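There are 2 protein chains.
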Amino acid sequence: MKVCLAQINTTPGDFSGNLKKVQLGIDAASTAGADLVVFPELTLPGYLSQDLIYNPDFIARNLQALQEVVEMSVHCHPKLHIVIGYIGKNTGIGKPFTNLAGVINKGSLAHIYQKQLLPFYDVFDELRYFEPGNQLTMFNIGSVKVGLAICEDLWDLYNNFEYTKSPGEVLKNLGADLIINPSASPFHLGKDSHRNRVFSGQVNRFNLPVLYVNQVGVHTELIFDGSSRAVNNNGEVAIQLPDFESCIRTVEFGENGFIPGDGAVSLDTDPLPQLYKGLVFGIRDYFEKMGFKKAVIGASGGIDSALVQTLAVHALGAENVLAVMMPSRYSSEGSVSDAKKLSDNLGNSCIELPIQDIHHAYENTLEPYFKDLPEGLAEENLQARSRAVLLMGLSNKLGYILLNTSNKSEMAVGYSTLYGDLCGSLSVIGDVYKTQVYALANYINRNEEIIPFNIIEKEPSAELRPEQKDSDSLPPYPILDGILRMYIEEFKGADEIVIEGYDMHTVQRVLQLVNNSEYKRYQAPPILRVSAKAFGKGRIMPLVAKYP
Amino acid sequence: MKVCLAQINTTPGDFSGNLKKVQLGIDAASTAGADLVVFPELTLPGYLSQDLIYNPDFIARNLQALQEVVEMSVHCHPKLHIVIGYIGKNTGIGKPFTNLAGVINKGSLAHIYQKQLLPFYDVFDELRYFEPGNQLTMFNIGSVKVGLAICEDLWDLYNNFEYTKSPGEVLKNLGADLIINPSASPFHLGKDSHRNRVFSGQVNRFNLPVLYVNQVGVHTELIFDGSSRAVNNNGEVAIQLPDFESCIRTVEFGENGFIPGDGAVSLDTDPLPQLYKGLVFGIRDYFEKMGFKKAVIGASGGIDSALVQTLAVHALGAENVLAVMMPSRYSSEGSVSDAKKLSDNLGNSCIELPIQDIHHAYENTLEPYFKDLPEGLAEENLQARSRAVLLMGLSNKLGYILLNTSNKSEMAVGYSTLYGDLCGSLSVIGDVYKTQVYALANYINRNEEIIPFNIIEKEPSAELRPEQKDSDSLPPYPILDGILRMYIEEFKGADEIVIEGYDMHTVQRVLQLVNNSEYKRYQAPPILRVSAKAFGKGRIMPLVAKYP
Chain B
13 MKVCLAQINT TPGDFSGNLK KVQLGIDAAS TAGADLVVFP ELTLPGYLSQ
63 DLIYNPDFIA RNLQALQEVV EMSVHCHPKL HIVIGYIGKN TGIGKPFTNL
113 AGVINKGSLA HIYQKQLLPF YDVFDELRYF EPGNQLTMFN IGSVKVGLAI
163 CEDLWDLYNN FEYTKSPGEV LKNLGADLII NPSASPFHLG KDSHRNRVFS
213 GQVNRFNLPV LYVNQVGVHT ELIFDGSSRA VNNNGEVAIQ LPDFESCIRT
263 VEFGENGFIP GDGAVSLDTD PLPQLYKGLV FGIRDYFEKM GFKKAVIGAS
313 GGIDSALVQT LAVHALGAEN VLAVMMPSRY SSEGSVSDAK KLSDNLGNSC
363 IELPIQDIHH AYENTLEPYF KDLPEGLAEE NLQARSRAVL LMGLSNKLGY
413 ILLNTSNKSE MAVGYSTLYG DLCGSLSVIG DVYKTQVYAL ANYINRNEEI
463 IPFNIIEKEP SAELRPEQKD SDSLPPYPIL DGILRMYIEE FKGADEIVIE
513 GYDMHTVQRV LQLVNNSEYK RYQAPPILRV SAKAFGKGRI MPLVAKYP
Chain V
13 MKVCLAQINT TPGDFSGNLK KVQLGIDAAS TAGADLVVFP ELTLPGYLSQ
63 DLIYNPDFIA RNLQALQEVV EMSVHCHPKL HIVIGYIGKN TGIGKPFTNL
113 AGVINKGSLA HIYQKQLLPF YDVFDELRYF EPGNQLTMFN IGSVKVGLAI
163 CEDLWDLYNN FEYTKSPGEV LKNLGADLII NPSASPFHLG KDSHRNRVFS
213 GQVNRFNLPV LYVNQVGVHT ELIFDGSSRA VNNNGEVAIQ LPDFESCIRT
263 VEFGENGFIP GDGAVSLDTD PLPQLYKGLV FGIRDYFEKM GFKKAVIGAS
313 GGIDSALVQT LAVHALGAEN VLAVMMPSRY SSEGSVSDAK KLSDNLGNSC
363 IELPIQDIHH AYENTLEPYF KDLPEGLAEE NLQARSRAVL LMGLSNKLGY
413 ILLNTSNKSE MAVGYSTLYG DLCGSLSVIG DVYKTQVYAL ANYINRNEEI
463 IPFNIIEKEP SAELRPEQKD SDSLPPYPIL DGILRMYIEE FKGADEIVIE
513 GYDMHTVQRV LQLVNNSEYK RYQAPPILRV SAKAFGKGRI MPLVAKYP
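In order, the protein sequences belong to chains B and V. Here my numbering is used: the first sequence runs in plain steps of one and ends on residue 560. Here my numbering is used: the second sequence runs in plain steps of one and ends on residue 560.
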């Protein structure tokens, strides 16, 4: 039989838009003569609809959309089975909704499967909404017994805790020939090798081929990367769809499993190209779904804003990006010329708005209250905030969307000004450590100098006071990032980090800085998630706390 | 026997501070000759520790604190049974932790109960961390059989969905004489009458007296109000502890249940005094726990800032509050004089920082890019943001903490400037509708004019352009708030709201405004929660969405 993987890009709540993409998938599957087309998890409402689900007509519209898919099935080839994700009402005791996959054929909803393993950790909160199912669904296509398992249902052994049951194992015991796995599995660096381990683990355990169909697209902080695949019971990947783009493709399933086709894509598994592609796609899809077109960036001449500007130009086109240089009395000559050179290289517009007059006006106004006190953070923050007000002014007036340029290392230790450089509609690199920022810049420059070498090579500085350098306040970035990774991503404590070779005093200071800047991150923009533990939705910290 | 209710105020992660309060409770219980002292849910780690729990030594320190309570029990009266909340490690399959209550007596941990019903809706996410228990704990004190049920365990029928089991019912069937219910049950307006319904419902169902011990204090957005009580099986409240303050009190339990003592407190059930007390306590406890002392407020001469300033003075003392008037070219004479009069009435310091020069400097700097375009939102926002930069400058320089003064009606419809009047460390009235703001102002003025009548009576205006009035852009507040309540708190759709007598066009516009301003609320400060559905943690909305 022929099986079609419909790796589509849905938007939460956009029932009519999502239906159009479903129609494309059904048409493509029909044209290819497929027996089965599989769409991602929660296809019709979109995966991350969160509390929109409580809206009184949300479920009704989602069921109406399901009905429209049933209608579509009347008009396509009668042998086609459509597997589509939607939300059901729970009529029994428990949470009000269910996470379902329906099997539609010849104008009827033939089978309904209710997801059994509902993730509730990190960025996932499915148990907030859904009651888990407790029954399996298997259906026949010709002589092939197809079993359904939605996303987490197949990840029972591969998370930070174990589940009490394994839907895959039960399917195997019931004699399934194939497991199909509609998914919404967000990207992070290393996720793909994690997936490879999971799926090769699963085919080993169950001795069954698995068809994994993941969605693609940005849902607020989360980037879904697609990378759908058909895996045979010997671990062979018969077909793999591209990452970070919509794709509909058909594969043949025979007696010995999936037959490798010529459409197989070999994905970059190097972290840098993946990170680069993920971020560019993240900006592009976020903008498209939010109805944004143009971006504005505060171009300091530093590497963070240079990277974000480059990613934005690659995502949105140079004609849609405006770089704004806002030199102060502490800005070096080089900062402006480096920033200009970057915009020249990229071909985007670039303007200069000096902040001296504004800075003076603030100082004069505040002078009666600041006069006796030594200069310090307050004066530095005035500059960062003056710039944010200018950028937001341009945004409000001209329709540019402000991109935030803070990196994860800065966000972690609070080396950033709330309502200053922490402003923006989207944090592009808030989940990218400073050392990764350098690596990405070099990756972008691998063939030619796009980001001026001078920007990469100069010593990092916020330029908010004379002769300021990042290294005045922070450990060198390789050390800082090493500590941060262990603390944030690996949940290690000070003692465990010191064992890895770091200085206790430095470690304690860094951990303190992270804990003391929760209040800044509380008000930060949404951050494109590219690591297994990003700031934001997946890391919920109290502000009122006294720890450690 | 004698039973002591230890309604204490804990801080997440503050093991040593929490232990000191436990010691006070044990001492008081010992002195009163009590047989039993009951502390609130998750006493030792504090209720809302959220992802701090993943810190590698968090659980160890929490178990160490438990050990110290065991030590304390060696030194107190041997008949005293101590019921204390803490976190356990789950050694079986499932989530990594457990929400426990331990019963300690004479130097040993005699019984451990694992909470069975774990809330995960609105502001609650206990299933993110805890594996539910499935066994009951009953222990004897003399001839009295005491059953344990932690918070939600007794709310099985009283939420937006049903649980599959009822720990209270099983305790009754096993012959318990008394149910004790250590709790962390956050305040919202009307919660107390909800509790009354729950507890009278429970004593009816089980025909058993219930002892409810709730914590008090602010945990980030949540205000826990205490109001602990002992309820007899005829529904009689034998003792009720005060709201919004720590309190330790002992009650006699005899053959016919609790014997009403003279310590019973009759609580205000009027919403206005409750709201007033809750907000004042909210500011005070938030400041105390965050180590803050002084607050700064942008005093516009409008009612929102006047209310917040008054609440801040009542919470922190006039000597700790600074009001900053920042008139622009559009500010009326009255605004400054009204704001001055308020500070005179309250006795706090008040300074004036005109923003004209700053405003001019921005306009001049932006003129090359703004010149041909009509004046509008961008110019208005420049003023709001200039003020925020001044306030944050004072905050950074002088150590004042900025209080946000946006009300819930404005926050709902986005009638506020991101990085402008949306700034602040804490949103005091972000869960208080504008109509409630007026009611609170009048309540505060019930005996004398504290908030100048002129501030209450004048037409609301942001004064960001000539002759501006709120009513230019928004429906009258009673209508706006009526619609918002139904949409946000009652989850009603447009059709259902129109049936209540509102104009369809107005309703649709308001709903659209609410949906379109999610991006502003995403970056808003923490909001003190005083309603059953506040913006923030309990209302999780996607930014990327297309709905309705």
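Worth flagging that the hints you see were computed from the coordinates, not collected in a lab. These figures come from a predicted structure and were not determined experimentally. Hints may contain errors.
Any copy will do: because identical chains look the same in the list, a pair fits if it lies in one copy or spans two.
To be verified - Simulated crosslink set (DMTMM-like; lysine to aspartate or glutamate; CA at most 25 angstroms straight-line):
| # | residue 1 | residue 2 |
| --- | --- | --- |
| 1 | K101 | E364 |
| 2 | K504 | E181 |
| 3 | K549 | E300 |
| 4 | K409 | D369 |
| 5 | K545 | E530 |
| 6 | K184 | D507 |
| 7 | K107 | E138 |
| 8 | K184 | D356 |
| 9 | K184 | E174 |
Checked hints:
{"no.": "1", "hint": "K101 to E364", "result": "neither (56 angstroms within a copy, 57 angstroms between copies)"}
{"no.": "2", "hint": "K504 to E181", "result": "neither (34 angstroms within a copy, 43 angstroms between copies)"}
{"no.": "3", "hint": "K549 to E300", "result": "within (22 angstroms within a copy, 27 angstroms between copies)"}
{"no.": "4", "hint": "K409 to D369", "result": "both (21 angstroms within a copy, 21 angstroms between copies)"}
{"no.": "5", "hint": "K545 to E530", "result": "both (15 angstroms within a copy, 24 angstroms between copies)"}
{"no.": "6", "hint": "K184 to D507", "result": "neither (45 angstroms within a copy, 48 angstroms between copies)"}
{"no.": "7", "hint": "K107 to E138", "result": "both (10 angstroms within a copy, 15 angstroms between copies)"}
{"no.": "8", "hint": "K184 to D356", "result": "neither (60 angstroms within a copy, 78 angstroms between copies)"}
{"no.": "9", "hint": "K184 to E174", "result": "within (19 angstroms within a copy, 33 angstroms between copies)"}
In summary, the structure is inconsistent with hints 1, 2, 6, 8 from the numbered list given earlier, while agreeing with the others.
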